[in-house]
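K.L.:
Taking the hints into account, I'd like the entire structure generated from these sequences.
Positions 1 to 179 (full-length UniProt numbering) are the ones given, in order, by the sequence shown.
Hints listed in this document are in silico derivations from the structure and should not be mistaken for laboratory results.
Mixed in with the good hints, there may be bad ones.
Claimed, not checked - As a list, the in silico EDC-like pairs of lysine to aspartate or glutamate whose alpha-carbon atoms are at most 20 Å apart: (1) 71 <-> 43; (2) 56 <-> 43; (3) 56 <-> 12; (4) 45 <-> 30.
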Amino acid sequence: MSVSIGSGGLRDMALWVAFYRIALGFMWFDQALQKAPWVMGPEGKPYGWLYGYIWKEINHPTFGIYAAFLKNLVIPNFGFFGFTTFLGELAIGLSLVVGILVPLVGGLGGTLMQLNIAIGSYGIPGEWFWLWPLLIGSHLIFMMGRAGRRLGWDGRIAKSLARSPDSGGMLRRLLPYVV
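P.N.:
Next comes the structure, spelled out in structure tokens:
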């Protein structure tokens, strides 16, 4: 029995990273759908359990200034922040599942979202504080490794850009940084 070590074989690291990227993307979809505007949480508020979780972050602050930010800005404007959280998580999930704009949306966006969650939840009793560095690290790998180029649209876009290096304007100059 021989194992191919080239493209598509068992040792094709980009392929395994792509599988992991896609799986993590489905996790983001699941999390987004739990916070959808039509999902009512136990407090009778839309966006599922998000409202109650923000109060846990306020009541068990990692940093006092962050708890003050949540209490004085996020809670009074919960509809806006709930909706942007829902859309942000959907965008990150879509980016990771289909492999489009992964360095920007799935990579940087996912890193920032996970960092925000880590800062808020570190002080909550029973939270898995070790989970956040693993998830942040995953998103950094997706960003730096341009993980959308394998089994994703970023690979098709990159090939198209390579075939026509002199065409296009500003978008043509920006795309190589985000695919």
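K.L.:
Could you run down the list of hints and mark each one as holding or not?
P.N.:
Evaluated hints:
no. : hint      : verdict
1   : 71 <-> 43 : holds (16 Å)
2   : 56 <-> 43 : holds (13 Å)
3   : 56 <-> 12 : violated (42 Å)
4   : 45 <-> 30 : holds (19 Å)
Hint 3 alone, counting from the list given before, is not met by this structure.
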